[in-house]
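Engineer: Each chain, written out:
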Amino acid sequence: MFGRGLRSLSIASLVLVTSAFALVFFYAPNEADQGFVQKIFYLHVPLAIVALSGFVAGGVYAVRYLQTGDRAHDLRSYVAIHLSLIFGIGVLATGSIWAKASWGAWWVWDEPTLVSFLIVFLLFACYQPLRFSIDDPERQARYAAVFAIIGGAFVPLNFLAVRLAESLIHPRVLSTTGGAMPGEMRLTFLISFVAMVCLFVTLWKYELASKHASMRLRALKRSLAGDEAAGPLARTAAPTQI
Amino acid sequence: MTPALPLDDAGPYVAGAYLVFLALILLYVAIMATKLARIERELVELSELAERRREAPAEEQEEPEAVPR
Amino acid sequence: MAGTAPAADARRAADPPPARAGGGFMSAVAALVRKDLRLELRTRESVPAMFLFSLSTFVLFRFGLDRETLAGDLASGVLWVTLLFAAVLGMNRLFVAEREEGGFDAFLLAPVDRTSLFVAKAAVLFGFLVAVEVAAIPAFAVLLLGPSPFQALPELLAILLLADIGIAVIGTLVGALAIQTRARDLIVPLISLPLILPVVIAAGHATAPLFAEAGAEALPARWLGVLGLYDLVFGLLALAVFDFLLED
Chain A
24 MFGRGLRSLS IASLVLVTSA FALVFFYAPN EADQGFVQKI FYLHVPLAIV
74 ALSGFVAGGV YAVRYLQTGD RAHDLRSYVA IHLSLIFGIG VLATGSIWAK
124 ASWGAWWVWD EPTLVSFLIV FLLFACYQPL RFSIDDPERQ ARYAAVFAII
174 GGAFVPLNFL AVRLAESLIH PRVLSTTGGA MPGEMRLTFL ISFVAMVCLF
224 VTLWKYELAS KHASMRLRAL KRSLAGDEAA GPLARTAAPT QI
Chain B
108 MTPALPLDDA GPYVAGAYLV FLALILLYVA IMATKLARIE RELVELSELA
158 ERRREAPAEE QEEPEAVPR
Chain C
663 MAGTAPAADA RRAADPPPAR AGGGFMSAVA ALVRKDLRLE LRTRESVPAM
713 FLFSLSTFVL FRFGLDRETL AGDLASGVLW VTLLFAAVLG MNRLFVAERE
763 EGGFDAFLLA PVDRTSLFVA KAAVLFGFLV AVEVAAIPAF AVLLLGPSPF
813 QALPELLAIL LLADIGIAVI GTLVGALAIQ TRARDLIVPL ISLPLILPVV
863 IAAGHATAPL FAEAGAEALP ARWLGVLGLY DLVFGLLALA VFDFLLED
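Note that the protein sequences, when read in sequence, are chains A, B and C.
In this text, residue positions in the first sequence follow my numbering: the first is 24, and each later residue adds one.
In this text, residue positions in the second sequence follow my numbering: the first is 108, and each later residue adds one.
In this text, residue positions in the third sequence follow my numbering: the first is 663, and each later residue adds one.
Quick caveat, the hints were computed from the structure, so don't treat them as lab data.
Among the hints, a few may not be true.
To be verified - Pairwise CB distance ranges (calculated): (1) C:Leu714 to A:Ala55: 19 to 29 Å; (2) C:Asp767 to A:Pro152: 51 to 61 Å; (3) A:Thr259 to C:Glu875: 20 to 30 Å; (4) B:Leu143 to A:Asp56: 51 to 61 Å; (5) B:Asp116 to A:Leu213: 50 to 60 Å; (6) C:Asp767 to A:Leu213: 19 to 29 Å; (7) C:Asp905 to A:Gly249: 32 to 42 Å; (8) C:Asp905 to A:Ala148: 24 to 34 Å; (9) B:Arg148 to C:Ala711: 17 to 27 Å.
Backbone N, C-alpha and C fix where the C-beta goes; we use that ideal spot for every residue, glycine too.
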């Protein structure tokens, strides 16, 4: 059952996200250089770390799928990547807003993590089109798994390459204080990060349970009403059977 | 200690960023909600179908008994 | 004609029982490479097309950038982007013969290690890239490049070698991935471009000082390190994962 523990997780997410936002606006001090704009950091950076971890997790589940052949792992991999793409849109949007507020332009090439993230995003954006273009479900799952593994390995390499490419002279645009983060900011960041992780896992389980329910419903329909009632399975990128 | 942008100017951007986050989550919830609605609808149809199936054999049994009086 | 060749070659490679496991593998790779090279020499499809495409891209850049000579990082960028696009052309064609002539089935029937197909195809793509570069870089020197590329030839060759290995590995993986999909021509460029981007970044940064206006400067060694790391990681990954692309 994918939905086990979903209720406690969602309550935890609610509590953590609300506390995190409260800390951001009522507890964390304004940063010296960037002022109020820096508050976006507490949203943008946890989103980015969680999205990247989601992509890598998608790769890990893909490995498990190839090892065991258990389609449940393929479903987990698919949903992890799908959610990370959605979080990724949030990363790029908040990063862009931060760049505009802080530097005056909607995009800055000087921020290596943002650029690396864009490249990773562009790669994983091909995941669903790739799945959609393969009809046979088993082959679709297998090829998607290979792609997810390649993508997961690509994430750290890409960050290394882009980070090296940035001139060492150029200051980081979207960074926090030059020196160490004061304790209040560190706590706020930590809570925000944990909140984002919790939110991701909650949404992940949510989507897993929903997809699983649809699959079982379809199978039930087929066994009760016969194959014709269930209708032909439309081409889809998502896994349809476990 | 001068901020990059005075608080008045920075406010809308910060709010915008957090609103983007909120909008993404609510959009996701909306899509999942339509899926859930469809699941519910089909489940209701199927359970009605199962009900009809269960009643139908019972009726078939009653009829032959009624005929020979 | 081409259809019988791969089947015959694969069977011929498998017929003599290998004295050692390595012997069987290498002879399978050699047979596959020979088959593809023979096919290319006969049909002359990929390499001339890749070379002509490079030339056209150089002309495109001349007008797009509105420059008649390039030097430094601009020259380096133009060269690597052009090579990347030519490589994508080669990737698209890499598994077409197998797909259309049923070579995959013949290969799967032969009792050879499946990764030999990967090694062979990657070697073939590498060979195509080298062949294109042998012609395209002098063409680049004639058409657009200001300083001579032969000032720092050993360094340039080292960069080309490492980068071509990376592009060949990724190209073979992506080609095999895309060959079974409906939208092969779209999938190959979409997936390969982000994946090869670190290679372009590293190779571009490494080549830029070699094309400097004032004369070739020293090559920053760390970019060779990045290329080497990339080749190692993706080479090993490809060897581990390629089998799964071939199962029925």
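Engineer: Is 50 to 60 Å respected by the C-beta to C-beta distance linking B:Asp116 and A:Leu213?
Structural biologist: Violated: the Cβ-Cβ distance is about 29 Å, outside 50 to 60 Å.
Engineer: Does the beta carbon distance between B:Leu143 and A:Asp56 stay inside 51 to 61 Å, or does it fall outside?
Structural biologist: violated (46 Å)
Engineer: Between C:Leu714 and A:Ala55, is the Cβ distance one that fits in 19 to 29 Å?
Structural biologist: violated (58 Å)
Engineer: Can the suggested window of 51 to 61 Å be confirmed for the beta-carbon pair C:Asp767 and A:Pro152?
Structural biologist: violated (27 Å)
Engineer: Range hint 17 to 27 Å: satisfied by the CB atoms of B:Arg148 and C:Ala711?
Structural biologist: violated (54 Å)
Engineer: Does the Cβ pair C:Asp905, A:Gly249 satisfy 32 to 42 Å?
Structural biologist: holds (39 Å)
Engineer: Does the Cβ distance between C:Asp905 and A:Ala148 fall inside 24 to 34 Å?
Structural biologist: Given a distance of about 27 Å, which is inside 24 to 34 Å, the answer is holds.
Engineer: Go ahead and decide if the range 20 to 30 Å is satisfied by the Cβ distance of A:Thr259 to C:Glu875.
Structural biologist: With a Cβ separation near 55 Å, A:Thr259 and C:Glu875 fall outside 20 to 30 Å, so the hint is violated.
Engineer: Using the beta carbons of C:Asp767 and A:Leu213, state whether their distance is inside 19 to 29 Å or not.
Structural biologist: violated (56 Å)
Comparing the model with each numbered hint stated earlier shows that hints 1, 2, 3, 4, 5, 6, 9 do not hold.
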